[in-house]
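Peer 1: Sequence:
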Amino acid sequence: MAARVVKGDEVIVISGKYKGKIGKVLAVLASECEVVVAGVNIRSKKQKANAGGYQNIEFPLPLSKVMHIDPSDRKPCRIGFKVSDGKKIRYSKRSGVDIQSPEYIKSTSIEKA
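Under full-length UniProt numbering, the sequence shown has 73 at position 73, and the numbering climbs by one with no breaks.
Calculated from the structure, these hints are not laboratory results. For glycine and all other residues, C-beta sits at the position ideal for the given N, C-alpha and C. Some hints could be false.
[What the hints assert, rightly or not] Pair by pair, the computed Cβ-Cβ distance ranges are:
1. D98 with G39: 24 to 34 Å
2. A38 with S84: 27 to 37 Å
3. K46 with K87: 45 to 55 Å
With these hints in hand, go ahead and build the complete structure from the sequences.
Peer 2: Set out below in structure tokens:
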């Protein structure tokens with residue numbers, strides 16, 4: 001199954017306590033059908049005894065509570081797939097604009113001397 005929402009996409013929360021909030025996808029948990037969005041569903045989690053204190057972290061949301069943002073008009077949209085030049089690409093069903101996959105920054109390994 002192809003991923004409609006991937007890490008780095010900009011999404012909007014469509015229902016629940018955080019309805020209307022916009023954020024970037026930090027992680028997609030495909031096996032649980034959940035997604036972690038920056039600045040949304042933040043909870044305080046107690047740290048270990050040595051470090052002490054609390055830490056605010058983003059917890060996952062159900063994938064059904066978020067929608068992709070259309071790049072042309074910044075409104076929620078559904079994602080479709082089409083084949084172009086032998087490659088499968090995502091597009092907005094709202095406006096028909098192609099949605100580019102986010103570029104990932106690949107870390108280079110440290111070479112041993």
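Peer 1: For a quick check of understanding: which of the numbered hints are violated here, in increasing order?
Peer 2: Of the numbered hints given earlier, the structure breaks none, since each of them holds.
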